[in-house]
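Number 889 marks the last residue of the sequence shown (the working numbering); no jumps.
Wrong hints could be hidden among the right ones.
To be verified - What follows is a set of in silico ranges between Cβ atoms, one per label pair, in the way DEER data are often shown:
| hint | residue 1 | residue 2 | range |
| --- | --- | --- | --- |
| 1 | 89 | 176 | 50 to 56 Å |
| 2 | 596 | 248 | 51 to 57 Å |
| 3 | 818 | 89 | 54 to 60 Å |
| 4 | 378 | 433 | 48 to 54 Å |
| 5 | 378 | 9 | 27 to 33 Å |
| 6 | 320 | 15 | 36 to 42 Å |
Because the hints were derived from the structure by calculation, they are not lab data. Positions of the beta carbon are idealized from the N, C-alpha and C atoms, including for glycine.
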Amino acid sequence: MPSYERLTPITSYLNAPTAIALDPYECIYVTESVNNRLFIYSQSGEYDKMLAGLNRPISVAADANGRIYIGNKDSRNVEVYNTGLTLLFKLGSGNGEFTQPNDIAIKSNGKIYVADSSEDKIKIYNADGTYDTSIGTSGSGDGQFHKPLSIEIDETAGEIIVLDRKLTYDQYGSLVDGARIQIFDINGVFKSGFSSYGQNVGQMYRPQHIALDGEGRIYVTDTFQNVALVYDKDGAYLGAVYDLSNPLRTPLGITMGKSDRLFIASLNSKKVEVYGIGQYTQMAVTPLSLSFEGRQDGDNPASQGVSITNNGTEELNWTASTTEGWITLSATSGTTEVSQTTALNLGINLAGLAADTYLGSVRISAASGASEIVEVELTVLPTPILSVTPSSLEYTSVNGSTPASKSLSVTNTGAGTLDFTASTNRSWIQINREAGTAPAEITVTIGDITSLAQGAYTGAVTITGGSAGTREIPVTLNIVSVTGTIQVTTNLQAAAYIMNGPESYTGSGASWTRTNAPVGTYAIVFGAVPGYTAPMSQSKTLEANGTITFSGEYTSEAEPEPEDKGKIIVGAGPGKSNSGLVKVFNADGSEAGAAFLAHAYKYGVNVAAGDLNHDGKDEIITAPGPGPDNPAEIRIYNPNGNELANLKTTAYEYKYGATVASGDLNGDGYDEVIVGTGAGADTPAYIKVYVYDPAQQKMTDSGINLLAYNTGYGVNVAAGDVDGDGTDEIITAPGAGRSNTGTIKIWKADTTMGAGQWSATQNMQYTAVYKYKYSVTIASGDINGDGSAEIITGAGPDRRAHDDIKIYDGSGDKVSEFRAYMVRNYGVNVACGDLDKDGVAEIVAGAGGGAGNRAMVKVFDANGVEKASFKAFNTRFGVNVAVGDF
Numbered sequence: 004m005p006s007y008e009r010l011t012p013i014t015s016y017l018n019a020p021t022a023i024a025l026d027p028y029e030c031i032y033v034t035e036s037v038n039n040r041l042f043i044y045s046q047s048g049e050y051d052k053m054l055a056g057l058n059r060p061i062s063v064a065a066d067a068n069g070r071i072y073i074g075n076k077d078s079r080n081v082e083v084y085n086t087g088l089t090l091l092f093k094l095g096s097g098n099g100e101f102t103q104p105n106d107i108a109i110k111s112n113g114k115i116y117v118a119d120s121s122e123d124k125i126k127i128y129n130a131d132g133t134y135d136t137s138i139g140t141s142g143s144g145d146g147q148f149h150k151p152l153s154i155e156i157d158e159t160a161g162e163i164i165v166l167d168r169k170l171t172y173d174q175y176g177s178l179v180d181g182a183r184i185q186i187f188d189i190n191g192v193f194k195s196g197f198s199s200y201g202q203n204v205g206q207m208y209r210p211q212h213i214a215l216d217g218e219g220r221i222y223v224t225d226t227f228q229n230v231a232l233v234y235d236k237d238g239a240y241l242g243a244v245y246d247l248s249n250p251l252r253t254p255l256g257i258t259m260g261k262s263d264r265l266f267i268a269s270l271n272s273k274k275v276e277v278y279g280i281g282q283y284t285q286m287a288v289t290p291l292s293l294s295f296e297g298r299q300d301g302d303n304p305a306s307q308g309v310s311i312t313n314n315g316t317e318e319l320n321w322t323a324s325t326t327e328g329w330i331t332l333s334a335t336s337g338t339t340e341v342s343q344t345t346a347l348n349l350g351i352n353l354a355g356l357a358a359d360t361y362l363g364s365v366r367i368s369a370a371s372g373a374s375e376i377v378e379v380e381l382t383v384l385p386t387p388i389l390s391v392t393p394s395s396l397e398y399t400s401v402n403g404s405t406p407a408s409k410s411l412s413v414t415n416t417g418a419g420t421l422d423f424t425a426s427t428n429r430s431w432i433q434i435n436r437e438a439g440t441a442p443a444e445i446t447v448t449i450g451d452i453t454s455l456a457q458g459a460y461t462g463a464v465t466i467t468g469g470s471a472g473t474r475e476i477p478v479t480l481n482i483v484s485v486t487g488t489i490q491v492t493t494n495l496q497a498a499a500y501i502m503n504g505p506e507s508y509t510g511s512g513a514s515w516t517r518t519n520a521p522v523g524t525y526a527i528v529f530g531a532v533p534g535y536t537a538p539m540s541q542s543k544t545l546e547a548n549g550t551i552t553f554s555g556e557y558t559s560e561a562e563p564e565p566e567d568k569g570k571i572i573v574g575a576g577p578g579k580s581n582s583g584l585v586k587v588f589n590a591d592g593s594e595a596g597a598a599f600l601a602h603a604y605k606y607g608v609n610v611a612a613g614d615l616n617h618d619g620k621d622e623i624i625t626a627p628g629p630g631p632d633n634p635a636e637i638r639i640y641n642p643n644g645n646e647l648a649n650l651k652t653t654a655y656e657y658k659y660g661a662t663v664a665s666g667d668l669n670g671d672g673y674d675e676v677i678v679g680t681g682a683g684a685d686t687p688a689y690i691k692v693y694v695y696d697p698a699q700q701k702m703t704d705s706g707i708n709l710l711a712y713n714t715g716y717g718v719n720v721a722a723g724d725v726d727g728d729g730t731d732e733i734i735t736a737p738g739a740g741r742s743n744t745g746t747i748k749i750w751k752a753d754t755t756m757g758a759g760q761w762s763a764t765q766n767m768q769y770t771a772v773y774k775y776k777y778s779v780t781i782a783s784g785d786i787n788g789d790g791s792a793e794i795i796t797g798a799g800p801d802r803r804a805h806d807d808i809k810i811y812d813g814s815g816d817k818v819s820e821f822r823a824y825m826v827r828n829y830g831v832n833v834a835c836g837d838l839d840k841d842g843v844a845e846i847v848a849g850a851g852g853g854a855g856n857r858a859m860v861k862v863f864d865a866n867g868v869e870k871a872s873f874k875a876f877n878t879r880f881g882v883n884v885a886v887g888d889f
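Modelling step: build the complete structure from the supplied sequences, incorporating the hints.
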């Protein structure tokens with residue numbers, strides 16, 4: 004039995020790893036049968052990408068050409084994908100070619116071997132996917148198969164090794180599925196085998212898959228003993244691979260790399276365990292991306308180092324290569340001793356490269372084939388080029404006035420540093436700087452012209468940038484003495500107005516005239532008149548001896564009709580197969596157009612809405628539902644379903660998603676994001692508040708970080724102006740734990756210290772009394788038009804809970820109650836908002852998160868009178884709801 008040690012497991016994104024394979028570079032491929040997806044990791048276990056939409060993938064393999072083979076139980080096929088995860092073809096006749104493709108092995112000549120456990124055969128296919136032949140018949144004799152589960156090919160020995168469940172008699176005399184390993188020659192002729200069935204040490208009881216190491220030892224995962232049993236090819240038991248501190252739980256897929264690392268898919272511990280067997284190698288390469296910048300025809304940029312570390316127990320022999328001629332390497336091979344690090348320098352050769360962006364890579368490979376790719380990006384900048392805009396300047400002095408100054412913009416449209424000097428050739432041309440570094444602005448003004456008569460004068464500003472060139476900017480000065488007439492007409496005698504230009508004037512009344520006004524451009528601003536909307540400001544140019552007329556019409560102010568902007572936002576309920584689908588509906592239940600996936604996690608999506616970024620329209624706020632691996636990730640979308648990626652943030656390290664709400668806590672007319680922890684049993688009831696920072700254009704922590712309750716299962720959040728003071732309060736209820744009651748707390752935010760130092764104190768507490776458990780859902784809105792928001796509560800997700808809704812005022816007194824009549828159990832989710840813009844909010848109810856509850860939504864008035872009803876999705880587990888103005 005070889006020595007072994009447990010290495011760092013692979014856990015990223017894994018939930019139920021089933022089958023596992025390696026490619027020649029020891030990239031790791033893991034399928035999750037129950038989640039219908041494939042994960043791909045680098046040889047060091049770093050997540051690379053995912054393929055979703057499979058059909059119960061129970062087997063996987065990868066060949067030397069980068070093709071990926073996936074056996075799907077439900078569609079009974081083996082699909083073949085390229086490295087870009089594009090489907091190329093299916094083996095044989097496609098769907099239905101297999102009954103249960105339990106394992107796949109690839110020979111170096113491209114032949115594909117598939118263990119079909121339900122047909123008791125090993126089926127063999129050509130590299131193009133066409134059927135070739137098969138090995139075995141049904142039975143328990145030598146060379147026959149009963150439920151072949153796993154296959155390995157030992158090309159060095161010229162052998163095929165197969166694990167099956169040969170029928171045998173148990174201790175009670177019953178015929179049961181046993182355990183057997185058979186060895187065939189490369190042509191499928193039986194050579195030898197052994198059977199070791201039972202529950203004693205060294206026996207297989209529930210074998211699943213096999214792997215083979217370089218010494219010919221056979222490793223068998225056993226889900227009864229939760230270990231990997233090790234045998235030689237003669238059937239001698241050598242020992243087992245396990246770790247009592249980190250036990251395997253239902254080990255299924257297993258594979259061995261040429262680095263002598265053993266990978267085991269541990270289904271119920273949600274990880275791939277990795278063990279170093281004997282003298283193994285484990286290479287780590289950092290960093291995996293480098294960026295360089297240089298100038299066309301300039302010096303090469305400084306080289307950068309990549310560290311190659313040997314974390315194994317045997318010396319690491321490696322090679323480095325690149326296909327790009329502009330990438331240079333300090334070495335193309337080397338040896339790194341155990342626990343040591345070798346530096347590999349990557350350089351750039353700029354010779355012959357035009358200005359552009361270049362992408363390349365360096366492959367670093369261990370002798371085992373395990374490889375890492377270092378991505379290299381090179382930006383070649385052009386040489387400095389002097390640019391000055393505008394290309395000329397013209398000034399006009401009317402009646403002795405001094406013309407306004409103008410600016411020249413000096414820029415470097417190439418690269419590097421561009422220093423310049425500036426000068427003028429006329430005393431009346433003045434500049435504010437005579438030297439500088441691009442980019443820069445030069446202000447050009449007209450100086451003393453009292454000695455100049457009427458006429459046209461010319462001069463120049465000269466800007467010199469050395470090798471980047473010289474630009475001469477012509478300057479023209481026109482000195483004129485002319486006047487004209489300005490007229491103003493309005494439809495109100497009470498109108499007043501101000502004109503600014505070469506001279507400034509004020510006027511009033513329905514008609515006004517000014518003669519002998521200096522020529523030039525004038526702008527007029529009309530003053531306010533109570534009860535009327537003032538005309539827009541205007542500008543016109545007065546020519547010599549000409550007349551300009553400003554006409555302004557005041558319009559009576561009428562109460563504008565409210566826009567039908569209320570929208571219902573619906574997110575998928577917390578089913579473990581539900582995606583993060585969000586849809587937007589009108590108040591009558593018709594689709595409003597927007598429909599999008601808020602995230603890639605399961606267990607649905609929580610939703611809210613508020614105007615966060617000061618654009619006058621609500622944004623859609625989302626957080627993952629209560630999945631055990633879901634992060635507290637807040638994503639913001641515009642009304643069309645496009646993500647505002649700069650506003651994305653993660654509120655907590657806790658899992659089980661998050662709850663979200665929005666409210667204007669500081670009275671500035673815009674909303675903040677309120678985030679509660681998700682419904683994990685051990686998740687505390689923390690609340691955070693995020694505020695939009697317009698300077699950084701992102702959400703920042705306000706400073707509020709409070710523990711609302713000493714309970715688990717997170718916390719539900721809402722916001723509303725319950726005291727009628729013009730700013731919203733934070734409203735909370737415990738999360739959906741079985742022992743949690745409907746304890747409502749109201750919190751007042753103190754925002755006087757500025758964002759980052761906000762705090763909140765509890766103002767009020769009362770209990771929303773229900774006969775059910777699992778707390779309550781909450782929302783807030785002014786449902787009676789009195790200027791203060793009420794608190795709407797819904798029965799929590801108790802399996803006995805009807806869809807009861809109770810409404811409380813800010814003092815905790817119950818205002819009314821009614822039932823939504825959508826579901827019979829698991830309660831109801833609530834939202835509130837003024838959908839029809841009549842000044843009174845409606846109540847929106849969504850079916851609670853029970854497995855049998857359809858995605859139903861209803862709209863009610865304050866008295867519980869139904870106004871609309873619709874089904875949002877073709878899913879179960881109810882829906883989450885919010886109201887927004889778009």
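Going down the list of hints, with the structure as the test:
1. The beta-carbon spacing between residue 89 and residue 176, approximately 54 Å, falls within the hinted interval of 50 to 56 Å.
2. The beta-carbon spacing between residue 596 and residue 248, approximately 54 Å, falls within the hinted interval of 51 to 57 Å.
3. For the hinted restraint 54 to 60 Å between residue 818 and residue 89, the CB-CB distance of approximately 59 Å keeps it satisfied.
4. Between residue 378 and residue 433 the beta carbon distance is about 53 Å. The supplied range of 48 to 54 Å therefore holds.
5. Evaluation of the 27 to 33 Å hint for residue 378 and residue 9 yields a pass: the beta carbon distance comes to about 31 Å.
6. A hinted range of 36 to 42 Å for the beta carbons of residue 320 and residue 15 is inconsistent with their spacing of about 29 Å.
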